[in-house]
Structure formats: structure tokens, C-alpha cells
Amino acid sequence: EPEVTQTPSHQVTQMGQEVILRCVPISNHLYFYWYRQILGQKVEFLVSFYNNEISEKSEIFDDQFSVERPDGSNFTLKIRSTKLEDSAMYFCASKGANTGELFFGEGSRLTVL
Amino acid sequence: GNSVTQMEGPVTLSEEAFLTINCTYTATGYPSLFWYVQYPGEGLQLLLKATKADDKGSNKGFEATYRKETTSFHLEKGSVQVSDSAVYFCALSPPGVVGGGSNYKLTFGKGTLLTVNP
Chain S
322 EPEVTQTPSH
332 QVTQMGQEVI
342 LRCVPISNHL
352 YFYWYRQILG
362 QKVEFLVSFY
372 NNEISEKSEI
382 FDDQFSVERP
392 DGSNFTLKIR
402 STKLEDSAMY
412 FCASKGANTG
422 ELFFGEGSRL
432 TVL
Chain A
71 GNSVTQMEGP
81 VTLSEEAFLT
91 INCTYTATGY
101 PSLFWYVQYP
111 GEGLQLLLKA
121 TKADDKGSNK
131 GFEATYRKET
141 TSFHLEKGSV
151 QVSDSAVYFC
161 ALSPPGVVGG
171 GSNYKLTFGK
181 GTLLTVNP
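Note that the protein sequences, when read in sequence, are chains S and A. My numbering numbers the first residue of the first sequence as 322 and each following residue consecutively. My numbering numbers the first residue of the second sequence as 71 and each following residue consecutively.
Hints listed in this document are in silico derivations from the structure and should not be mistaken for laboratory results. There may be inaccurate statements among the hints.
Stated by the list, open to error - Simulated crosslink set (PhoX-like; lysine-lysine; CA at most 25 angstroms straight-line): (1) S/K378 - S/K363; (2) S/K399 - A/K122; (3) S/K378 - A/K138; (4) A/K180 - S/K404; (5) A/K180 - A/K130; (6) A/K122 - A/K138; (7) S/K378 - S/K404; (8) S/K378 - A/K130.
Claimed, not checked - Covered stretches of chain S, as calculated for chain A (at least 3 residues, CB under 8 angstroms): (9) 336 to 350; (10) 425 to 431.
Said to hold, decoys possible - Footprint (simulated), chain S over chain A, 3 or more residues, beta carbon under 8 angstroms: (11) 106 to 118; (12) 175 to 186.
Since the structure is predicted, the reported quantities are computational estimates derived from the model, not experimental observations. The C-beta atom is built at its ideal place from N, Cα and C for all residues, glycine as well.
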């Protein structure tokens with residue numbers, strides 16, 4: 322069964338460092354998303370991506386965040402200069418053209434020290 | 071704006087017990103409603119969904135009924151198993167975008183950890 326895969330599963334970084342979280346969506350999907358969950362809080366929408374551009378982003382997704390689909394298979398989330406409050410579980414998701422179901426990856430846990 | 075509130079966990083039950091996890095929502099119009107489940111070490115998986123009022127979503131013995139009058143979508147299972155131990159998330163999507171669209175996004179609740187003991 323096709324699945325969304327994410328790497329790394331856990332990353333520890335120092336405040337101010339750049340982090341790239343990687344995702345391989347399901348191959349024939351067209352819509353891509355990042356969500357995050359700070360420990361003990363809700364899963365929050367960060368950004369959606371379609372046709373090689375951002376289609377919507379939340380207030381959380383400020384200038385420190387960027388997304389890219391560099392090679393037609395990977396979908397990356399970059400945090401330019403991490404802050405303590407960026408510590409969270411980051412979920413990638415993808416969706417096909419005519420279905421309402423999002424397929425999520427296992428998540429990447431980011432710990433900023 | 072849209073929001074989802076689900077019961078605080080953790081919930082601990084014995085095998086074969088009855089499960090209810092409450093979920094209420096705030097949204098304009100008729101959103102679509104979902105329950106996602108996250109088993110240990112895995113990603114979020116869609117458990118069931120309902121797209122209009124009075125619809126009942128069901129899967130793996132779990133059920134939830136879309137109640138517009140009470141803005142609720144409570145998850146129930148008559149007899150839980152140890153393998154049901156997981157985190158359960160209630161979520162909604164805005165009306166009219168279930169089938170597609172790049173503006174499709176989910177609003178989640180906090181999640182409820184369920185532990186089922188043998």
C-alpha cells in the first residue's frame with residue numbers, strides 16, 4: 322500500500338540552526354501539506370502546496386519557514402533559524418486529485434535546544 | 071473560525087469495554103467531519119468520516135454520527151481491544167471542499183490517548 326514517508330524521524334538541533342524536514346508523498350498525489358503538533362496541543366495546519374507553489378499558509382508559517390518540491394518526488398520543509406518554540410512533531414500529508422482523504426506520514430519530531 | 075474540541079485524555083479501559091470519545095465542533099455551514107487514529111510509531115490514518123448531517127461513519131467496529139443539532143461527532147466502539155490503543159483525533163474540513171481543491175485543510179482537536187488493558 323502506498324504511503325507517505327518522512328525523514329528524519331527525530332532531529333535535535335541548536336537554536337538558530339537551519340533544519341530541513343523531508344517527505345516523500347504518494348507518487349500520484351497532487352496536493353501536499355505540512356502540519357505540526359506541539360506537545361500537548363492541537364495538530365495545526367502550516368501550509369498547503371499545489372502546482373509548485375504555496376496555495377495557503379497559516380499565521381505560523383512566517384518568513385522563517387519555506388517549502389520546496391525540488392525534484393518531483395521530495396517535498397521539504399525548511400526552518401531557516403530554529404527557535405525553541407519550533408519544537409514539535411511535524412506531519413507531512415498528501416492528497417489525490419478527487420479525494421477528500423489526506424494521507425499522513427509518521428511525523429518528524431524536532432527538538433530545539 | 072473553525073475549531074474542534076475533544077475530550078481530554080488519557081482514557082484507560084479494559085478489553086471489551088465500551089468506548090466513547092466526545093468531539094464537538096464550531097464551524098459555519100456544514101463541514102465534513104473525520105476521526106483520525108495514530109497507532110504507536112505510525113502516521114495519522116483516516117478511521118472514518120461523515121460529510122453531511124445524520125451521516126454515520128463506521129470502520130473497524132468504530133462509529134460516529136454527524137449531529138448538526140448538537141454540533142457533535144462522538145466516536146464509539148462497543149467492545150475495545152488491546153490493539154485499539156492509540157491516539158484518536160477528531161477533525162473537520164470546511165464545507166464544499168471535501169473532494170478536492172488546493173485550499174483543502176483540516177482543523178484538528180488535541181487528540182485523545184486511549185490505552186486498552188488486557
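Hint check results:
no., hint, result
1, S/K378 - S/K363, "holds, 17 angstroms"
2, S/K399 - A/K122, "violated, 37 angstroms"
3, S/K378 - A/K138, "violated, 29 angstroms"
4, A/K180 - S/K404, "holds, 22 angstroms"
5, A/K180 - A/K130, "holds, 22 angstroms"
6, A/K122 - A/K138, "holds, 9 angstroms"
7, S/K378 - S/K404, "holds, 19 angstroms"
8, S/K378 - A/K130, "violated, 34 angstroms"
9, 336 to 350, "violated (count 0)"
10, 425 to 431, "holds (count 4)"
11, 106 to 118, "holds (count 7)"
12, 175 to 186, "holds (count 7)"
Of the numbered hints listed earlier, those contradicted by the structure are 2, 3, 8 and 9.
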